[in-house]
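Asker: Now that you have both chains on their own, put them together as the hints suggest.
Chains as they are written, first to last, in this note's numbering: chain A, 600 to 726; chain B, 32 to 404.
If you're looking for bench data, these hints aren't it; they were derived computationally from the structure.
Watch out, some of these pointers could steer you wrong.
Facing chain B, from chain A, some residues (calculated, C-beta under 8 Å) [to be verified]:
1) Asp636
2) Phe639
3) Val657
4) Glu659
5) Val661
Derived Cβ-Cβ restraints for the label pairs, each shown as a range [to be verified]:
6) Arg121/B <-> Gly695/A: 52 to 58 Å
7) Arg610/A <-> Leu54/B: 27 to 33 Å
8) Asp644/A <-> Asp75/B: 31 to 37 Å
9) Ser403/B <-> Arg610/A: 46 to 52 Å
Residues from chain B that keep clear of chain A, each with C-beta distances beyond 10 Å, as calculated [unchecked claim]:
10) Val68
11) Leu74
12) Leu96
13) Ala116
14) Glu166
15) Arg226
16) Arg242
17) Ala250
18) Leu279
19) Gly334
20) Arg337
21) Pro391
22) Tyr400
23) Arg402
Small disclaimer: the values here were computed from a predicted structure and weren't measured.
We put the CB at the ideal spot given by N, CA and C, even for glycine.
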Amino acid sequence: MTAPTDLRYTRDHEWVRVDGDEATVGITQYAADQLGDIVFVELPDAGRDLEEAKSFGVVESVKAVSDLFAPVSGEVTAVNAALAADPELVNSDPYGAGWMLKVRIANPEQLDDLLDGDAYDELVAAG
Amino acid sequence: MTDAATKANAVHDTPLADRHVALQARMIEFSGWRMPVHYTSILDEHRAVRERVGLFDLSHMGELLVEGPEAGQALAGAVVTNPPALAVGRAHYSMICAADGGIIDDLIIYRLAEDRFMVVANAGNAQVVSDALAERLAGARAVLDDQSLATGLAAIQGPCSVDVLAPLTDVDLPALRYYAITDGTVAGIPAQVARTGYTGEDGFEVFVDTRRIGDLWDALLEAVRGADGLPVGLGARDTLRLEAGMPLYGNELDRATNPFDAGLGRVVKLDKPGDFIGRATLERVAAEGPRKRLVGLTVEGRGIARHGYPVHAGERLTGIVTSGTQSPTLGVPIGMAYVAPGDGEVDAALEVEIRDARVPARVVALPFYKRST
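With the rest of the complex left out, here is chain B (with noise of 0.2 Å):
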């Protein structure tokens, strides 16, 4: 038996790292951060966000505010959405591309006031990003302004979220819309609270000031305890994710990879107005249709199919496992891959290669997981 996965680079610790140690929470590098992959186990701590409440720390996130009269307006040169259509106080799902169609980044963008946005990157990404946007953003009266390292964020996701938020905080949770966010205080803690998350559950995901998120965490963790909630670490964060269906940076989605090819080409307005980097690829990519498949899979063979499994349809080569494990929820295995165009059908049976093997699988529907509200 050997453990693979260790590396011993400069890594950030998030501003809760002493408070996950003293949980015994085990700890992995991700992202150049070090951060919880689990406290008590990957399985209770997925069971309690699907059936209660779980808190997660996303302090490694990135977040880049950018400010300014034409904020928006560069903004929407910069990404492929259009954050200038958002009303103010809601946000949208993007992504920043390459000239060449590449996802750089997947994004969340928020549209804190008319002339300020919020800009949320994957950890790994945000340097990346936060140069990319101050390059894009360059000639435009907007400013950015990279918060990563002075902003925590913590997410509290499940169905008992509201219930358990509620008595914390001046906001008006059961009016606050998915993907909105609004200013209020949490646990007398000046924050944005955004009805946003990352587990196919209803949940919120609560900014303050990182000096603060001590404080945030002590009491969000004894709110959600006292409803027999857990503190949740990335591992529960991933199958969660994968269950619901959404794509992970590094395994759905990358550089070499277009939003067409993710299933993910409605996130792209071709349709606003003036140029956006990106847009001639994109705009081929649409008309000819993409080159691969995003797809769900059920294996239904002994196995579970990985990150990097390689896919066949009949004696062919078809692709190759982006992301895969036993689904707590379901109990089957279940994955997501790239596939040939004409072998994502749902239903179409498909072989994984597990190891020296080929396992049967089939494509289904994502997502794998749905709430029932």
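Bound conformation, chain A alone (with noise of 0.2 Å):
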């Protein structure tokens, strides 16, 4: 499994697209798969501030509840409602339609502590 290379990667498993000022967040293939089937995703509600690598939501397993982690600093602008009734989106489609919410950038800087593909393969390699 390879991570995609236009995204960038929290040590946490989740990705980040950039596009201008936003950026949209979602957890990797590999997170997923290791929680197995995803039953129930809470997450902010549009308007609130995210703090880098501080939780920002949950995502549920049958089985395991894990922490979400913000991979940068902002304001939320958007919010996946799908997951809502559809969480198991996070497992068939991480990278599209599991993805879980969009963030205003505050701090660009924030950006250079992220991985990037190649990187983000070897963490995982590495267990």
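Answerer: What follows is the structure in structure tokens.
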């Protein structure tokens, strides 16, 4: 499994797609596979401010509860409402329909702390 | 995202560990054993058992043989049930308690012969139960033989269990009653076949010499696959038992809980002859009523109740969630919880504290799921 090269990654298995000053955030295929069937995603409302590396939500599989950590600081501009009814989209299409939220990037320098696809693949391979 | 559940203590491998890994199971440590949590998906495995058939490796369970002319009588002094009342070839659900009534483990006790019983204990408690039985049987004409590591156990569960197992065995499966056990062969392997399980479905548990469990597993897996069934890991085992309202040691049952707290007072045979460990306390609890009450809950707001989450009745903290998940069959969040005795009536409106929110929940009758036959 190879992580898409056009995204950036946290060490906690979130991905970020940067488009101008907006970042779309989700969790990686690896993370979704490790969690198993995802049955619940708890996300903040639009308008809330996220702080880099702080928990912003929760993803639950049948078995486990995991925190989600903000890759960058910024205001939430959109939330994927489809996940309320179809949380399994995170399993079936983690980089597409399973996206979680969009953030207006407050501090672009924080993007430099994120991993590229190759580095993320190495992180996963290292277990 | 963090994955908090990794421990690296010395653990047992089941004799089927290589097969689980070859099936690409996700392995976890459970009660000192490295076990498959799921092979493909907990939801798929859960549905396979509800709709067709699933195969479980239960080789981690403890099998303790008690044999001798006073085996039944000695066991009756050690556990809360009355094993001498069992007919040969029958089994019952039981518990072993401490003197203060606290549950040391829940058990299935099979009567294999007039003077031979098999006590099946949870993996995490097998040694504690073995030690407690050894102590409690001392002086009686009964010998305890811990066969846990020498015994392999596979379970086949689901509505197609009879059809899948029948071609492989000389046991008359339709004639084998619920909670009965008999000798026979399965896939040519000498076995004891019991009609027991932990899923809420019809099914069988097959005990064999651990050296033959690989052959048994291979034959059963082929048959299960042929019926569009799946191997099933501990993840779905947990969701299946929870839907069926069955308690899990470590969640609903522990040393701080007595059988009456757990709603299992009917299991305790206070009218059996002779003393047994825990009797005095349990007689008092039976007379005075339990301190807490185990209930089923459905969460009516957003969120899933999980083990350890507080439960509130209005402004009052009333208890704690013992198990919770999204029910694969019902499609809603379900859980079991201990609450104050007065807060546990069916339909009572409670709140579960899920992270920083209070989420409405309702008390419902257990089980959440009952098969329709």
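Asker: Taking the hints in turn, state whether each one holds.
Answerer: Going down the list of hints, with the structure as the test:
{"no.": "1", "hint": "Asp636", "result": "4 Å, holds"}
{"no.": "2", "hint": "Phe639", "result": "5 Å, holds"}
{"no.": "3", "hint": "Val657", "result": "7 Å, holds"}
{"no.": "4", "hint": "Glu659", "result": "5 Å, holds"}
{"no.": "5", "hint": "Val661", "result": "4 Å, holds"}
{"no.": "6", "hint": "Arg121/B <-> Gly695/A: 52 to 58 Å", "result": "56 Å, holds"}
{"no.": "7", "hint": "Arg610/A <-> Leu54/B: 27 to 33 Å", "result": "30 Å, holds"}
{"no.": "8", "hint": "Asp644/A <-> Asp75/B: 31 to 37 Å", "result": "33 Å, holds"}
{"no.": "9", "hint": "Ser403/B <-> Arg610/A: 46 to 52 Å", "result": "49 Å, holds"}
{"no.": "10", "hint": "Val68", "result": "7 Å, violated"}
{"no.": "11", "hint": "Leu74", "result": "4 Å, violated"}
{"no.": "12", "hint": "Leu96", "result": "34 Å, holds"}
{"no.": "13", "hint": "Ala116", "result": "39 Å, holds"}
{"no.": "14", "hint": "Glu166", "result": "36 Å, holds"}
{"no.": "15", "hint": "Arg226", "result": "28 Å, holds"}
{"no.": "16", "hint": "Arg242", "result": "32 Å, holds"}
{"no.": "17", "hint": "Ala250", "result": "28 Å, holds"}
{"no.": "18", "hint": "Leu279", "result": "13 Å, holds"}
{"no.": "19", "hint": "Gly334", "result": "7 Å, violated"}
{"no.": "20", "hint": "Arg337", "result": "6 Å, violated"}
{"no.": "21", "hint": "Pro391", "result": "16 Å, holds"}
{"no.": "22", "hint": "Tyr400", "result": "15 Å, holds"}
{"no.": "23", "hint": "Arg402", "result": "20 Å, holds"}
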